[in-house]
Amino acid sequence: MRKFMALFRRELASVFWSPLGYVTVAVFMSATGWTFLQAVQAQVGGSLQLEALLAISILVWLPVLITVICMRLFAEEKRSGTIETLLTTSVGDGTVVLAKYCGAMFFVLVGLGGAMASLPMLVYLAPNIEAVDVAALLGGGAMLVLVAMCCTAIGVLVSLLTRNQIVAAICCFWAICVPLMVKPLLATVPFVRQEVLDRLSVEQHVLQYTGGILQVPPVVLYLTVTVLMLFTAVRVLESRRWI
Amino acid sequence: MISVRDVSRHFGRLPAVRGISFDVRQGEIVGLLGPNGAGKTTTLRMLAGYLRPSAGRVFIDGVDGYDGEEDVRNRVGYLPENTPLYGEMRVREYLVFRGRLKGMARRHLRARIDAVLVACDLRDRAQSMIRTLSKGYRQRVGLADCLLHEPPCLILDEPTIGLDPNQIRQVRTLIQSLAETHTILLSTHILSEAELLCDRVLIMNNGCIIAADTPMALAGLRKGGEQIVAEIAGPVDDVEAAVEQLAGVRDVQCTQQSEGWVRVRLLGPGQGKGRTQLFRLACMQGWELRELHAEQQHLEDVFAALTEGAGEVEHA
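Line order of the protein sequences matches chains A and F. For the record, in the first sequence the residue sitting at position 117 is 117 according to the working numbering, with numbers rising by one throughout. For the record, in the second sequence the residue sitting at position 266 is 509 according to the working numbering, with numbers rising by one throughout.
Chain A on its own, in the form it takes in the complex (with noise of 0.2 Å):
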């Protein structure tokens, strides 16, 4: 546990010691903001609840902050070489890899509860919207947190694959809008049901926590994925000795 917490430490101060944290997070805040007053105004009078609108446009802009924290994960520990002074000293590649991913989900939950804290500020911004469901709104973002933890494990497997950060930044946005865009993807396959779409899309799980429809097998897909992800991952660290 010591280890754990010496390595996780580190992931945070390499972030909030920095601008970087603070940038990101910001740019994060405000463009989710953006997107979500301009849905507002779009739909004056339409169908969808404002806590949902809100979660829809974090998720929008969640794999940019993602990407952002996650590129330079393993990448940048590769080009400095200061991997192989972490893997020779006795800490497991189990630990390094759940450290790292725990400190991205930490910096990813901060930029996640900024954004969903802003609301009533946006609120005030927006006179002709009427007062916040706080269910609805915990619904929505406990929905985001498991796509979150999903989508960054996601990000942690792919920056391993890469010593190049912007290599690994590419890869890793297009690898976590895979699992976001699962919808439109199939959509275009024949003979998929719309049935299965609904089941699998990211867009339709968090509405439905939104609108308070709390269903088991989402939250079972993303912590399965999120599992076999970090898994993989620790397998790929671990598989340099051999190749």
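Keep in mind the hints are simulated off the structure, nothing from the lab. Think of the CB as a built atom: it goes at the ideal place given N, C-alpha and C, for glycine as much as any other residue. A portion of the hints provided could be inaccurate.
[Said to hold, decoys possible] Beta-carbon label-pair distances, calculated as ranges: (1) 307(F) <-> 142(A): 45 to 51 Å; (2) 26(A) <-> 257(F): 43 to 49 Å; (3) 178(A) <-> 357(F): 47 to 53 Å; (4) 346(F) <-> 142(A): 34 to 40 Å; (5) 256(F) <-> 92(A): 28 to 34 Å; (6) 457(F) <-> 231(A): 48 to 54 Å; (7) 256(F) <-> 235(A): 18 to 24 Å; (8) 357(F) <-> 114(A): 38 to 44 Å; (9) 256(F) <-> 238(A): 18 to 24 Å.
Let chain A serve as the given structure and place chain F on it in line with the hints.
Chain F in isolation, oriented as in the chain A frame:
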């Protein structure tokens, strides 16, 4: 202390290390020499536990590197090439981080950090940001990290690369002082450094160890033994003909000097036999002899001969 048995390492189909075996005894400083791509770094990485051998076994302090990987890492202080560090951390903060990764208890860690800061002469820089340090100081930080958990073995990959002459001297002095309490295996390109620092050297080429001995013994490895220089007073043709008749003598070059002296250069048998023969020849012929010495051979000559095929060696 370090024992390597028939170790090979392949990267895909490319063999980087081919069945090498060697031992490093307790308290020794052993230098690993070789041209780029010889397999030095791969060997050191296997000893440090970063890579696993494709075949063979590595033992550190009696612990098998395969079965007791964590134990081995606790027994080794490893300094990779170019000393990778986290530039955004301060020196003491970095050592605290590294100590925690090595599982050291807080109180013990504090005492050890103070000790290694003194040992590596870093006390004045303890609060400096690592990115602001010179290369020499960064190297010291890397060495301080290696020493932190008191490992019996130090594995240093090119510890003086990229340093200026003053920094090289400082790091070299530091390594020499560490040798009193540690077993050290280091790789280097600087042959004079190996001659100065190392009790023994291993020369690698194409993934194999092609020579292993003390620097002094290796310097005498070239076939033909000694390069002998003499100045003899006599007719140049007679001198050349007589010298060529001596047993085991090759590559005789005679140059006429002023006042009837002839400068003779030759490759003669080692251990002084060539010089003895030449002295007797001069006495028998009644030629005056005003100079007779064996030119000292450096490890550099042997290294070039072994790794470039510039000459032959007696035993590899």
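Review point. At the C-beta level, are residue 178(A) and residue 357(F) separated by a distance inside 47 to 53 Å?
Key: holds, 51 Å
Practice item. Could you say whether the range 38 to 44 Å given as a hint is met by the Cβ separation of residue 357(F) and residue 114(A)? Key: The hint (38 to 44 Å, Cβ to Cβ) holds, given that residue 357(F) and residue 114(A) are roughly 41 Å apart.
Practice item. With respect to the beta-carbon atoms only, verify the hint that residue 256(F) and residue 92(A) lie 28 to 34 Å apart. Key: holds, 30 Å
Review point. Would you say the C-beta atoms of residue 256(F) and residue 238(A) sit inside 18 to 24 Å of each other?
Key: 21 Å Cβ-Cβ, so the 18 to 24 Å window holds.
Review point. Does 45 to 51 Å hold as the CB distance between residue 307(F) and residue 142(A), or does it fail?
Key: holds, 48 Å
Practice item. Note whether the CB distance of residue 26(A) and residue 257(F) lies within 43 to 49 Å or breaks it. Key: holds, 48 Å
Exercise for review: Just tell me: holds or violated, for the beta carbon distance of residue 457(F) and residue 231(A) against 48 to 54 Å?
Suggested key: holds, 50 Å
Review point. Does 34 to 40 Å hold as the CB distance between residue 346(F) and residue 142(A), or does it fail?
Key: Taking Cβ atoms as reference, residue 346(F) and residue 142(A) lie about 36 Å apart, which means the hint holds.
Exercise for review: Confirm or reject the claim that residue 256(F) and residue 235(A) have a C-beta distance inside 18 to 24 Å.
Suggested key: holds, 22 Å
The structure agrees with every numbered hint stated previously.
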